[in-house]
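The primary structure of each chain is shown beneath.
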Amino acid sequence: MQSSTSLAILVIDENRIRASIIEVGLRESGHDNVTVIHDISAVAHTIAATNPDVIVIDLENPNRDVLENMFQLSRAVKRPVAMFVDRADRASIEAAVEAGVSAYVVDGLKRERVKPILDMAISRFNAFSRLTRELEEARGELESRKLIERAKGILMRSKGLSEQDAYALLRKTAMNQNRKIAEIAQSLVTAAGLLGEDQ
Amino acid sequence: MSDHQIIAGFMPLLDSALLVTAKEKGFAEREGVDLALVRETSWANIRDRLAVGHFQVAHMLAPMPIACNLGLTPLASRTIAPLALGLGGNAVTVSNALWAEMERHGARADLDPARAGAAVKAVVAARADAKRPQLRFAVVHPHSGHNYELRYWLAACGVDPDRDIEIVILPPPLMADALGAGNIDGYCVGEPWSTAAVVARRGHIATVKAAIWKGSPEKVLGAQALWAENHPEALTALLRALYRAAIWCADPGNRDELAAILARPAYVDRPAEWMMPALSGNIDVGGADSVFVEEFFVPLAKAATFPWKSHALWLYTQMVRWGQIGHDQANEKIARETYRPDIYRAALEPLGVALPGANAKVEGALKHATPVGSAGASLTLGPDGFFDGGLFDPDKVDDYIAAQSRSGAA
Chain A
11 MQSSTSLAIL VIDENRIRAS IIEVGLRESG HDNVTVIHDI SAVAHTIAAT NPDVIVIDLE
71 NPNRDVLENM FQLSRAVKRP VAMFVDRADR ASIEAAVEAG VSAYVVDGLK RERVKPILDM
131 AISRFNAFSR LTRELEEARG ELESRKLIER AKGILMRSKG LSEQDAYALL RKTAMNQNRK
191 IAEIAQSLVT AAGLLGEDQ
Chain B
0 MSDHQIIAGF MPLLDSALLV TAKEKGFAER EGVDLALVRE TSWANIRDRL AVGHFQVAHM
60 LAPMPIACNL GLTPLASRTI APLALGLGGN AVTVSNALWA EMERHGARAD LDPARAGAAV
120 KAVVAARADA KRPQLRFAVV HPHSGHNYEL RYWLAACGVD PDRDIEIVIL PPPLMADALG
180 AGNIDGYCVG EPWSTAAVVA RRGHIATVKA AIWKGSPEKV LGAQALWAEN HPEALTALLR
240 ALYRAAIWCA DPGNRDELAA ILARPAYVDR PAEWMMPALS GNIDVGGADS VFVEEFFVPL
300 AKAATFPWKS HALWLYTQMV RWGQIGHDQA NEKIARETYR PDIYRAALEP LGVALPGANA
360 KVEGALKHAT PVGSAGASLT LGPDGFFDGG LFDPDKVDDY IAAQSRSGAA
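If you read the protein sequences in the order shown, they are chains A and B.
Note that this note's numbering has the first sequence beginning at 11, numbered continuously upward.
Note that this note's numbering has the second sequence beginning at 0, numbered continuously upward.
Looking at chain B on its own, in the form it has when it is part of the complex:
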């Protein structure tokens, strides 16, 4: 028996896993939610169809609801993020030609962001000296974790992402082809779209999101605010279903089945083997090299579904950093209030879910996995470090924004 009908938009990406599993493994149904999933072709469509009410919720880039509420998008309706759809999951992939150049400048197949970044910096300088064209990188959307982590990584390695290279926008399924055709030199994208280039021998994975900023936000459940306000029971039921889906996705025993479900034509529509690197953490980086990345994609552990206000605020600081919006107290408030841990807590506390004691944390402070005080079950957080040792204190947003520059670490 279904009490609530919910239509969710999603993009064909591995981190649609929680939504897909909630439907396919019956978690939604058991919470009384008749969940329909609609695959979309662009984030713009997700945004528009949420705005006109075709979708009540959607798989969204973590900065998207904030960008909507700040009025940065052509069409927007008030959107909230009451749950995150996991942590991490992206990689930076470069063309074979660029990788060969990077190797000559010290890059190794170890995904180390500092070493890979130093190599990119050297390549950028060498190309400028030789009057060769600038490197061109692609990301999926201007308001995306991909854009911000690529820029953060490059800037921290001394490459100005606006002046020294070019960044363009491309849909994920087209990236591997564009790389192979030489239209771009590299890209930052969610899985399986880096694996797609490696499988086709068109590219090499240079580094990963989980190494640039461990345990960092990537996708959230975006919900139309008006719908959420008018249907609190439906949203609560959906959050519970998604949390149970996260438990299922996190079980290594379910990996093969999860990969097979995601591979279906209705979802990612690519071979199940392409899903395995992200799910297992054994990343084929290109050549014959494979690197194990702990917590490459985290669906459940480390409060991976908790909508941290410190995540929202860090994403906001990057919008400011890259000139997408000016900083003032009103904008900061909009960003902070877009993420709704209060709704998350109210929905999941009755299930005995491990809840963090606070709604924000100092990002980058935990160098090791650390047990933290929590309501209900025990909870371990971290490590959540930035590769350059940076710290983001959500109580000192002004200072962080003042300190960050277009190149060089914040």
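Here chain A stands alone, though its shape is the one from the complex:
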């Protein structure tokens, strides 16, 4: 009987950071036979060379249709491959799609050997998308702060206000219009740009 560590796993992800997070996760859970590719153009060759039992691919990848067709044609793939998800296991399907990952397995492979791999992929994808989201939010916040600084500068120059009064004016306008301070700042910066005042 094969041990779980002997499963050959192919990870296809154009996002290199995420791919390495998945790879680390797989190795930590004892899978040593992991191949990672970022570029799908080599996939037929890689599949033929590594003969994977499990293929994990991200849902952003436009080449999922290419990959699925490969399984149907079975020119590159010697063994029949199916999407991993029992049709009955709706929760698994939903969790995978939510997380943005899908997995294909060689038909006949025992479910209990594959399930942990998919679960790991799902949790790492989830963590990753949360990381990305937090990063985007942080970036957005940084942008907002920069905008507010510039808007304050414009008000200080054009109206001769102190920094504190300039900020208070922005805040008051935002409250009156029921908008965010950053939005008011954006409007002001845009308008000043149009009028050539934001030097």
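Treat the hints as calculated values from the structure; they're not laboratory data.
Backbone N, C-alpha and C fix where the C-beta goes; we use that ideal spot for every residue, glycine too.
Treat each hint with caution, since some may be false.
To be verified - So the derived label-pair ranges between C-beta atoms look like this: (1) D42/A to P270/B: 26 to 32 Å; (2) E153/A to E256/B: 31 to 37 Å; (3) R200/B to G203/A: 44 to 50 Å; (4) G150/A to H367/B: 56 to 62 Å; (5) G179/B to R143/A: 32 to 38 Å; (6) N136/A to T379/B: 51 to 57 Å; (7) K156/A to A259/B: 28 to 34 Å.
Claimed, not checked - Some chain B residues flagged as far from chain A (calculated, every beta-carbon gap over 10 Å): (8) A43; (9) D47; (10) P73; (11) E102; (12) A117; (13) P170; (14) R254; (15) E256; (16) E336; (17) P349; (18) L354; (19) V361; (20) L380; (21) I400.
Chain A is fixed; fit chain B onto it per the hints.
The following block gives chain B in isolation, referenced to the frame of chain A:
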């Protein structure tokens, strides 16, 4: 006020026009539908997200709902097609090198499928004699109008699409680059992805779907069957919004605005000029040549949104022809029942929409535009001919399947 929230998945293609217009021009809102559109990167994602309920409906390749219901896809939920998203819209584009070879074998810049097909056949034979590699063509999906019309065209011209050439799958936005890089010799795809190759001077349009089979099915609205059954009012409202969107899209006066909307980053995300050939029918085929194609893409006329059961059945016969599924009465029934003209009729009859008298027609029978008896307003159908003169009688599916071979016309 919106009574119904509907999320629709779509792919960045010109024939997402009805869905995009329904949202952007307010037709959905006026029917009480809060329509959200989500752009996807693969048909597999569209299928999966419809299956898990992220989407209630989606822009789908016409054979996709049938393939889902026949269990041909890795993941599937019961899917129905209650409306078509127009007719036609595809082209076959070849590399400059292949076009030069085809020209030496008689191809002309006139999009004539018989002449272009004969040239491909001659090129295939010459390459085999010279022991050069086989031609490689790309289509977007195995269960697609593109795959079936490319194969139908080649087979009718004496080229066996399985033995004489290679057919691979590629996402539409990557095709022009693959052609330029020499990875493929040609492809069949929806617009603007043939125009993309012509604009970049990487390819030449050899023929078009509208010439291979005039007025043929391409995309449908796929709806998750369970959702449709539980939300008949929402589906009715959406079908009405899409029909009104089709009227708007069909008005030549709206072409510039439609092209501009589709060009936006959220939709096709390519220049508005790339949308104009398909919308106007003036196809830049490459070189300095332009060919006017009547009914290149039809959003409304000729019952273009009607989900003909004869379309579903013809697509099914091609699944059988190319070995994707075996033929039996149960499978034929599944294909026939995937398309739902009954839902279309119930939703649109109260609007006085021109409805065909039947749910199926003999495909290829109309050589000219023909007024037909219809409930409500007047309706003209056809021409709907196959370029090789083939006829498909939806009452004689067995005979059609028995007669069709892998090469040579059915």
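Hint-by-hint comparison with the structure:
1. D42/A to P270/B: 26 to 32 Å: Since the Cβ atoms of D42/A and P270/B sit about 49 Å apart, the hinted range of 26 to 32 Å is violated.
2. E153/A to E256/B: 31 to 37 Å: holds (32 Å)
3. R200/B to G203/A: 44 to 50 Å: violated (38 Å)
4. G150/A to H367/B: 56 to 62 Å: Distance hint for G150/A, H367/B holds at roughly 59 Å.
5. G179/B to R143/A: 32 to 38 Å: Given about 36 Å between the Cβ atoms, the range holds.
6. N136/A to T379/B: 51 to 57 Å: Cβ of N136/A to Cβ of T379/B: about 54 Å, so the range 51 to 57 Å holds.
7. K156/A to A259/B: 28 to 34 Å: Given about 32 Å between the Cβ atoms, the range holds.
8. A43: Given that some Cβ of chain A is not farther than 10 Å from that of A43/B, nearest at about 4 Å, it is violated.
9. D47: The claim breaks: D47/B does not keep its Cβ more than 10 Å from every Cβ of chain A (closest is about 5 Å).
10. P73: P73/B not clear of chain A: closest Cβ-Cβ about 3 Å, inside 10 Å.
11. E102: Fine: 30 Å to the nearest Cβ keeps E102/B off the interface.
12. A117: holds (28 Å)
13. P170: Violated: least Cβ distance 4 Å, not greater than 10 Å.
14. R254: holds (29 Å)
15. E256: At about 26 Å from chain A, E256/B clears the 10 Å cut-off, so the statement holds.
16. E336: Label holds. Min Cβ-Cβ 20 Å, cutoff 10 Å.
17. P349: At about 37 Å from chain A, P349/B clears the 10 Å cut-off, so the statement holds.
18. L354: holds (35 Å)
19. V361: Consistent with the label, V361/B stays out of reach of chain A, its closest Cβ about 32 Å off (over 10 Å).
20. L380: Consistent with the label, L380/B stays out of reach of chain A, its closest Cβ about 33 Å off (over 10 Å).
21. I400: holds (21 Å)
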